[in-house]
Structures are given as C-alpha cells and as structure tokens.
Amino acid sequence: MNQKLYMVSLGPGDVELLTLKALNAFKSCDTICVPTKSEDKSFTKSITYKIVSEALNILGIEKNIIPVYSPMRFNPQDWEDEADIVLQACADDASVCFVTLGDAGIYSSIYYLLDIIKEKNISVYESCEVIAGVTSFSAASAEVKKALCLGDEALVIKPINPRGEVKTTEILMRPKIGMDTSSLGEGDFYTFENMYLKDAKITPSKIEKVKRYMTLFINFVKRD
Numbered sequence: 154m155n156q157k158l159y160m161v162s163l164g165p166g167d168v169e170l171l172t173l174k175a176l177n178a179f180k181s182c183d184t185i186c187v188p189t190k191s192e193d194k195s196f197t198k199s200i201t202y203k204i205v206s207e208a209l210n211i212l213g214i215e216k217n218i219i220p221v222y223s224p225m226r227f228n229p230q231d232w233e234d235e236a237d238i239v240l241q242a243c244a245d246d247a248s249v250c251f252v253t254l255g256d257a258g259i260y261s262s263i264y265y266l267l268d269i270i271k272e273k274n275i276s277v278y279e280s281c282e283v284i285a286g287v288t289s290f291s292a293a294s295a296e297v298k299k300a301l302c303l304g305d306e307a308l309v310i311k312p313i314n315p316r317g318e319v320k321t322t323e324i325l326m327r328p329k330i331g332m333d334t335s336s337l338g339e340g341d342f343y344t345f346e347n348m349y350l351k352d353a354k355i356t357p358s359k360i361e362k363v364k365r366y367m368t369l370f371i372n373f374v375k376r377d
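Number 241 in the working numbering belongs to position 88 of the sequence shown; there are no gaps in the numbering.
Hints listed in this document are in silico derivations from the structure and should not be mistaken for laboratory results.
A virtual CB, placed ideally from N, CA and C, is assigned to each residue, including glycine.
Errors might be hidden in some of the hints.
To be verified - Label pairs and their calculated CB-CB ranges: (1) Lys362 <-> Tyr222: 47 to 55 Å; (2) Pro229 <-> Lys362: 38 to 46 Å; (3) Cys302 <-> Pro229: 29 to 37 Å; (4) Ile330 <-> Cys302: 20 to 28 Å; (5) Lys174 <-> Glu215: 47 to 55 Å; (6) Ala285 <-> Asp237: 35 to 43 Å; (7) Asn210 <-> Lys329: 46 to 54 Å; (8) Lys203 <-> Asn347: 34 to 42 Å.
Claimed, not checked - Simulated crosslink set (SDA-like; lysine to any residue; CA at most 20 Å straight-line): (9) Lys329 <-> Thr288; (10) Lys320 <-> Gly331; (11) Lys157 <-> Arg327; (12) Lys311 <-> Ile238; (13) Lys354 <-> Lys298; (14) Lys359 <-> Phe342; (15) Lys320 <-> Asn372; (16) Lys359 <-> Lys375; (17) Lys180 <-> Lys203; (18) Lys180 <-> Met225; (19) Lys362 <-> Tyr343; (20) Lys311 <-> Met225; (21) Lys311 <-> Met326; (22) Lys216 <-> Arg226; (23) Lys216 <-> Tyr265; (24) Lys311 <-> Glu272; (25) Lys329 <-> Ala285; (26) Lys375 <-> Pro315; (27) Lys362 <-> Asn314; (28) Lys375 <-> Ala353; (29) Lys298 <-> Glu282; (30) Lys190 <-> Ala247; (31) Lys174 <-> Lys298; (32) Lys190 <-> Lys271; (33) Lys203 <-> Gly255; (34) Lys174 <-> Phe370; (35) Lys364 <-> Arg327; (36) Lys375 <-> Lys329; (37) Lys180 <-> Thr201.
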C-alpha cells in the first residue's frame, strides 16, 4: 500500500479561500483527520470541521472523518498524541489528510507533528505533502483593500504574547538580477527560483548570484 499524507491548510475560515490543491487532496484521500478543542472529540464548536464539511459538500463527496483532540496547550505530549492518531490513520488507509486553519507555515502545530512523525515513521514523513493556504493577515488585507507592503516597505509578523525569546525567520524578496548575495549574511538559507513554473528550482542554501527576478530567499530560524 502506497501511503500518502497531506498536511492541508484550510485558510482563514472561508471555504471559498481553500486552494485547488486542498480540494484535490480531499478528493483523493481516504480519511481526513480534523482537530477539535473539545475533550469529548465533538465538533460542535469546530471551525475546522465546518470548513471541511462545507468543502466536502461542494465536492459532493463523503470521507471518513477522524477527530483529533487538540487542546492547544503548547504541550509536547499533546502533539505526540495527535501524531499517533495520524500515524494510525495512515496505517489503516492509503491516503490521509490532516487539516489546519490558516497556513501551515504560520504558527501552526503541523511542523511539531511532522517532527514526531519523522522520528516514528520515516516513510510516512517522506510521503507527506504540505499544502499551503491563505493566511489570515493576507485575507484581512484584502478585506479592507490595504496593502501589507509596497515598494521597499518591510512586513513584520510577531507574536503578541511570546513565551520566551523571540527568534526570527527572514523572508527576502525582490532581488535584482545579477546581484551578489553575500550581503544577505549567513544562516539556514533556502533559495526558491521561479516557483511553480516549468523551470522552478529549490536550492537548500543561498545561491551566490541572482539569475531570475522571481527569486525568493528564506533564512529559517535556528531551532533547538
């Protein structure tokens, strides 16, 4: 059985902001793991379940739904329990979706789960595809018709109530073709060139010279 795990971003709450990739994952999967904050694993107050239900209704399909108790206490044991449920679902079915509100890359528990899954079952981890989504702040910007950044402005995302030292991931955009990247400094760089185009390329380091306008650098924060 060829296993496939999708970590699906649902966007900020509107089913119409789901991506085609997310909908295609729902079509192809056997089971959808849906987090709930209710200890009895009900979905009475679950925005996540509401979006998934609306999406399945639009697609005209039914899927096996597994509740995943996610109390959002920032407790490693909770992530361990959630990862175990996802892994059991993967053992039972060939294709599984786990869903999260917003975008998986922005303050989501998905990467805590993936770290655990990587340790417990490398084949499931390697089969995993993370599906990006619309962020709440991108949607908020569109709602009021105000740009988040224009020209040479920067955009800052930071937690209001940090639990400790705040570390920073840098997203570096709009380089000039031919520029030398040494001025960008050092770190855990990835270079993304012409993403999703025919000649797209991802380099797990900082390239020395910019060759394409659509080049994005991410200097990922160093985590323990």
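Numbers of the earlier hints that this structure fails to satisfy, in rising order = 5, 6, 9, 10, 11, 12, 13, 18, 22, 23, 24, 25, 27, 28, 29, 30, 31, 32, 34, 36
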